[in-house]
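Q: Spelled out from the first residue to the last, the chains are:
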Amino acid sequence: MTRINGTKLAIAGFTCKKGKVSAQEVDLSAHQGQVVRVYLDDNLRLVINPQHDCYWQLAEMLVPYASIDEINGERVTLPLDLTNIDITLFNLPN
Amino acid sequence: MLAKPVPISSASQVTNVPSGDVEAINVQAAISELDTEKEAVANKSVDTALGTSDVLYPSQKAVKSYADSKLVGLLDYRGAYNASGNTYPASGGSGDAGAVLKGDMWVISVAGILSGAAIHIGDSLIANVDTPGQTAGNWNTLNANVAYVPEDQASKDASGGYAGLTALKLNLKNVLGTIINFFSTSSTAARTWTMPDKDGTVAMTSDITGANGYVFQTGGITLNGQIGVTVTHNKGDTSYLVKISPTGLTALGKVGDIAYVKSANTVVVYNSGQANLSADVELSAIA
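Residue numbers (the numbering used here), protein chains in the order written: chain F, 1 to 94; chain C, 95 to 381.
Hints listed in this document are in silico derivations from the structure and should not be mistaken for laboratory results.
It is possible that some hints are incorrect.
[To be verified] Which chain C residues stay away from chain F? Per the calculated CB distances, all over 12 angstroms, these:
hint: 1; residue: Ser139
hint: 2; residue: Gly179
hint: 3; residue: Ser188
hint: 4; residue: Lys196
hint: 5; residue: Gln228
hint: 6; residue: Val269
[As the list claims (entries may be wrong)] Calculated cross-link-like contacts (lysine to any residue; reagent style SDA-like; alpha-carbon spacing at most 25 angstroms):
hint: 7; chain 1: F; residue 1: Lys17; chain 2: C; residue 2: Leu335
hint: 8; chain 1: C; residue 1: Lys329; chain 2: F; residue 2: Thr7
hint: 9; chain 1: C; residue 1: Lys250; chain 2: C; residue 2: His214
hint: 10; chain 1: F; residue 1: Lys18; chain 2: C; residue 2: Lys329
hint: 11; chain 1: C; residue 1: Lys329; chain 2: F; residue 2: Leu92
hint: 12; chain 1: F; residue 1: Lys18; chain 2: C; residue 2: Lys250
Glycine included, each C-beta is placed from N, C-alpha and C at the ideal position.
Looking at chain C on its own, in the form it has when it is part of the complex (with noise of 0.2 angstroms):
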């Protein structure tokens, strides 16, 4: 059977004093004081998203999920990414187990080809969305050597690498790699050089001696009527074109026609019209 509770007459009955700032000098008083200042618990709030209010107060999840959502999609650097497997990262990310959210960050520390393109040492992945996978659209590549791509030294000379310099000459080696040869030019002039294609095909073929469409003499005559007027060029061949281009308005309607009679040494012009009319001659080879 429980004993009666004695009535509390003084302030010096009461053995148990609470810690703080009650005031209250007897338990009624005491108790009292502490039913006005405690949180009330129609005030507790489980809004994630908190607010502004000074009289609610927030669950532990509340604030958990609060702090969670604005740590979300921040970018959190994951360290080096070794990319020679040629695939994005798929594991080391900051969510559950390693898996890969949106704003998991690396930096290439082994070069490698993702989604096609390659991707330098340097070079950065960031993930734009949560689960990014290997499509390339989930992830964002920022090139860290946008003007150049740096160029080992040790792939001088080396297949698929960049060819060297001895004594200015160009090196190229045959298809071995086992002789080189170099390719240089004592000319003190400026030079085209032009070489075939994989498929033995050159390019801009009017700059090459020979070639389809190259001028090998220009120069001014004067139209000489149906007398002709001879332009010795010695090409070896009639293998070529003549382009006639009278000069100066006083030609305009006084050329007539035009004809030429070739050899391999000289080309004779003829017009039919008048003398003594300047012209422009352009002799260019047909391949």
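One chain only, chain F, in its complex shape (with noise of 0.2 angstroms):
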């Protein structure tokens, strides 16, 4: 099961054909207004955006910049939220 979890990217553990796929996660806040791809790669651990063949692609998406409030008078960086944005999942490898 892939989903959101704050800035990060997160799968739970499961077996597929490759081997088993420990839980982990991935942060995006570093890839503000890019468009993010995940993968598995062939170690089965998370990858982002690689240039490299890799076992499975999980999920792609347009990770947004985080919003800018203006507090009392100055500008303060919300929390980057990605709860709302459309994220493409695909199907775990069996």
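Combine both chains into one complex, guided by the hints.
A: Right under this line is the structure:
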């Protein structure tokens, strides 16, 4: 199961024909404003926007920039909010 | 002592009247007439080619030789021939003691193989030289069934014959010929069946799912520059090739380099040039 947990994308552990995938997560906050593709690599670890072939693509999304608000006359960067973004989730490998 | 001949003085003394058209009424006149009308020995011809003269007359041998020469090489039907011995006819010809001569012809009654080529019932053999022997070039073979070779119904489902059908299922026997398997499909659409040869090699493997070169997905994409565009295929592994062909002249000089990142369920295509360019994509398997 793939889900958003705050600024992170998390997957629960599962087993596929390539082996046992442990539960893990990756922080997306460093990829604001980018199209992000999350994969399982050949070691069944999560990687983002790899430049090499991977085992399985798990998700794809446009990570927005964090909002900036003005509070008491000061510009404040709000926490990155991924709760309402469109995410393309791919079926997990069997 | 011989009696002295008595001179004939009148026709009434002639007792041996010759037959034919002798018109003479006395011996002298008869001899004279016969001497005039007889064929001259000098006109006898022994030329076996004969000719067109109305004066010459041929000898018996000349006539026979001429007649014989006209019979040489003519088609001479010699009957049916059983070719199961896989040899050309060596006897039964029109020559002396059955020698095979040019023009001797047989019709095949039992099939066989002559000089490595099958000859079938109804085919004909004609010698094109005297004493042709077993040399294929000395024989003309007339195939009576050029369009097809009839197959005996007894050959159905038999070794060396042909496979039969059972309720539109192709009969396939085991090597012992003791069990019949059936080869059929429930599909109502056209299908391609590819079978391995005796070495297990399958021809045209590009037609077979999973085989090298098998195209398992095609479609169109819109190139999105270095952001990339994702193509989902769910092949299940990364043993495949990706072919990208930009479409339309507007792509000229704008696509840049193309690269892609593969995974077992998707491939992301990147180009170093502009976005929003159309392209065809083809994914083919690597076996």
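Q: Determine for every hint whether it applies to the structure shown.
A: Now for the hints, and whether the structure bears them out:
no., hint, in the structure
1, Ser139, "holds, 104 angstroms"
2, Gly179, "holds, 66 angstroms"
3, Ser188, "holds, 82 angstroms"
4, Lys196, "holds, 78 angstroms"
5, Gln228, "holds, 68 angstroms"
6, Val269, "holds, 38 angstroms"
7, F:Lys17 / C:Leu335, "holds, 22 angstroms"
8, C:Lys329 / F:Thr7, "violated, 31 angstroms"
9, C:Lys250 / C:His214, "holds, 18 angstroms"
10, F:Lys18 / C:Lys329, "holds, 14 angstroms"
11, C:Lys329 / F:Leu92, "holds, 13 angstroms"
12, F:Lys18 / C:Lys250, "violated, 51 angstroms"
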